[in-house]
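*Asks:* The whole structure should be built from the sequences, with the hints applied where relevant.
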Amino acid sequence: MWLLHIGFDRCRRGAARAESGADGGAGEGGARRAYLPVWFTQPRAASDSPGRRYDGNEWGRPTVIAANTKVGPALNTLLHFDLDGSLDVIMSRVEIGQGIQTAIAQIVAEELDFPIDRIRVTAPDTALVAEGGYTAGSNSIQGLGEQMHAAAADARQLALLAAADRFGLSPDELTVAAGVISGAGGAGASYGELLNEELMQCSVSGIGTRKSPEQYSIIGRSVPRGDLAEGVTGARRFLHDLTHPGMLHGRVVRPPSYSARLVSAQTEGIAALPGVVEVVRRGSFLGVIAQREEQAVAAAEALRVVAKWHTDVPLVPQSELFTRLMDTPDEARLIMKGAPVEGEVPPIKIPLSATATLEATYTRPYQMHASLAPSAAMALVAEAAATGPRLTVWTHSQGVHPLRDALAQVLELPVDEIRVRHVEGAGCYGHNGADDAGLDASLLALATPGRPVLLKWSRQDEHAWEPYGSCALVQMQGSLDASGTIVDWNHDVYSHTHGGRPRHAEGSSGLLAAWHLDPPIPAPTPRLGGGSHGGIHRNAEPLYRFQRKRVVKHFVPDSPLRVSALRGLGAYANVFAIESFMDELALAAGADPVAFRLRHLPDDRRAREVIEVAARGAGWTAGVREGGAGEGTGQGIGFARYKNEKAYVAVVAEVEVDRNTGRISLRR
1 MWLLHIGFDR CRRGAARAES GADGGAGEGG ARRAYLPVWF TQPRAASDSP GRRYDGNEWG
61 RPTVIAANTK VGPALNTLLH FDLDGSLDVI MSRVEIGQGI QTAIAQIVAE ELDFPIDRIR
121 VTAPDTALVA EGGYTAGSNS IQGLGEQMHA AAADARQLAL LAAADRFGLS PDELTVAAGV
181 ISGAGGAGAS YGELLNEELM QCSVSGIGTR KSPEQYSIIG RSVPRGDLAE GVTGARRFLH
241 DLTHPGMLHG RVVRPPSYSA RLVSAQTEGI AALPGVVEVV RRGSFLGVIA QREEQAVAAA
301 EALRVVAKWH TDVPLVPQSE LFTRLMDTPD EARLIMKGAP VEGEVPPIKI PLSATATLEA
361 TYTRPYQMHA SLAPSAAMAL VAEAAATGPR LTVWTHSQGV HPLRDALAQV LELPVDEIRV
421 RHVEGAGCYG HNGADDAGLD ASLLALATPG RPVLLKWSRQ DEHAWEPYGS CALVQMQGSL
481 DASGTIVDWN HDVYSHTHGG RPRHAEGSSG LLAAWHLDPP IPAPTPRLGG GSHGGIHRNA
541 EPLYRFQRKR VVKHFVPDSP LRVSALRGLG AYANVFAIES FMDELALAAG ADPVAFRLRH
601 LPDDRRAREV IEVAARGAGW TAGVREGGAG EGTGQGIGFA RYKNEKAYVA VVAEVEVDRN
661 TGRISLRR
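Read in order, the letters of the sequence shown are residues 1 to 668 in the numbering used here.
The reader is advised that the hints may include incorrect statements.
DMTMM-like mimics (lysine to aspartate or glutamate), calculated; alpha carbons at most 25 Å apart, straight line [as the list claims (entries may be wrong)]: (1) Lys549 x Glu342; (2) Lys337 x Asp603; (3) Lys646 x Glu541; (4) Lys549 x Glu506; (5) Lys549 x Asp330; (6) Lys337 x Glu278; (7) Lys646 x Asp492; (8) Lys349 x Glu359; (9) Lys211 x Asp330; (10) Lys349 x Asp227; (11) Lys349 x Glu331.
Just the calculated beta-carbon pair ranges, DEER-fashion [unchecked claim]: (12) Asp117 x Ala339: 42 to 50 Å; (13) Asp84 x Arg225: 17 to 25 Å; (14) Glu293 x Arg567: 44 to 52 Å; (15) Lys308 x Thr361: 53 to 61 Å.
Hints in this document: simulated from the structure, not taken from any laboratory.
Keep in mind the model is a prediction, meaning the values are calculated, not measured.
We put the beta carbon where it would ideally sit given N, CA and C, even for glycine.
*Replies:* In structure tokens form, the structure reads like this:
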């Protein structure tokens with residue numbers, strides 16, 4: 001008897017109905033041995049933590065899963081086995097250049113003992129995949145990877161059960177190789193032959209036995225990226241290169257500033273230009289549609305000339321940005337254990353043991369993503385008599401489901417009438433104009449039902465209108481005692497929101513064009529973010545151990561520029577400030593920068609080893625760094641752990657400063 005967790009309840013009929021071979025799966029003498037699930041809920045032993053999977057999961061013995069094991073999406077929303085021996089892996093995270101498609105294919109191939117060259121990876125599509133959220137925060141392997149490990153292991157276990165039933169063998173008499181499950185007598189079947197539709201409706205529960213790292217033959221090895229060759233040779237089709245029967249081209253004419261409103265636009269002459277199909281005006285949203293791309297570009301430039309705008313809020317001069325940041329009211333929160341806490345922020349108090357106190361201020365300007373290609377999208381509005389979704393959008397957004405929901409709100413369409421499909425564009429870590437382009441294309445496509453519109457931003461509009469990464473200002477203060485040990489640490493970071501991605505929000509929209517409609521849908525009001533190591537306070541808490549530390553985030557809601565997520569959020573401003581200030585304190589203490597860091601990491605073995613290995617590999621020269629003294633060359637070290645919970649990293653740089661010009665050169 002073979003026991004399985006109750007999480008496989010939906011698969012019961014599927015396993016029992018798995019097709020048998022021509023002989024009905026009979027063994028010797030025609031007697032058929034059935035190894036089918038018996039359904040039960042296993043109580044958790046007192047010594048086991050919630051959700052733990054027992055290691056003693058051998059074939060022919062009970063598989064024990066804690067009763068509170070989480071149940072995930074159906075297997076058929078993640079994996080699709082074909083009878084030709086191939087496999088489609090349906091992604092819920094997008095490829096933005098980080099290689100996630102190859103990594104997920106490796107995971108699936110490993111757990112299934114499946115040829116990786118017979119795996120096809122399908123990009124996120126709201127019509128195919130369950131809710132996937134955003135691809136952000138360096139969480140794809142931690143999140144989706146974990147889910148795909150579980151899904152593949154579950155599918156393998158189900159296939160072994162089905163094969164055992166078909167061939168009249170026990171599961172431990174079966175082997176899996178190259179995607180085929182075989183018995184000792186030579187009988188074999190592929191995953192596609194064994195896992196019927198009903199079995200694949202089973203929810204992912206994590207009951208399948210996963211391989212241990214010692215058993216890996218694919219994970220941990222270098223595997224050629226399947227997408228790289230086509231990208232390098234130009235054979236690959238990015239979103240910007242899409243073609244479709246009857247496709248038109250679109251461009252949008254943006255206002256001259258955030259607050260500008262359209263007064264008038266003489267569009268009659270524009271409509272008469274060669275190739276122009278439609279001039280679209282909805283409030284202050286202006287766009288053109290043409291037969292060919294260069295015609296759309298020409299028409300948009302002509303439309304820009306005749307459009308008259310009213311604006312009364314000038315941009316803040318660049319020289320005043322940080323003054324504005326500090327002068328604007330903020331909300332302050334003390335950071336403890338990586339998260340903001342309610343309550344009064346304590347003042348800075350220099351301890352009596354301090355013999356030296358230093359202060360420093362570090363700044364990070366606003367940063368644009370500046371992707372290699374500007375944002376783009378294609379949209380198709382179905383004709384009235386057509387079946388299927390009313391609106392289909394092809395996008396390089398990092399969240400197809402949130403974009404679908406945001407589009408539904410602005411366009412006042414039911415969510416189930418919108419399909420959003422991911423197609424790769426230029427890489428971007430964070431929130432650029434991809435989502436905005438999706439609404440732009442949709443607004444244009446509404447004017448041409450039955451004909452798709454490929455909409456591209458100009459380079460100028462990309463730089464002017466995409467969300468920037470927030471600027472930041474970090475004020476540091478630290479005190480040393482007589483032994484050169486840090487006894488007090490203060491870190492105050494000022495910044496705007498780092499999260500403005502679009503999602504459904506009543507009464508507001510994060511999509512750019514929504515702000516220019518009539519009536520306009522305003523941008524959401526920025527809110528103070530919480531959570532562990534998020535936004536402004538990401539990596540604000542140092543890993544170093546100090547006698548006393550005070551870390552405060554100052555959220556400034558009013559930003560003169562549109563801001564949102566950019567790689568690392570607040571992490572690199574905070575890490576830059578922490579590591580720069582550690583060097584200042586090391587100099588004041590008369591200590592070598594590496595030794596000084598190690599002194600304040602007494603218990604974190606991995607952190608110490610990372611720093612030591614980096615210094616040793618770089619040929620670090622121990623000694624006090626004398627600041628302005630010396631010949632203009634020197635070494636520096638930086639250390640961090642992303643989000644204080646992920647990978648450790650240490651970097652050594654050897655630089656040269658030209659004392660006449662101030663120019664800095666990286667030597668190695």
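*Asks:* Hint by hint, work out which the structure violates, then give me just those numbers in ascending order.
*Replies:* Failing hints, ascending: 4, 6, 9, 10, 14 and 15.
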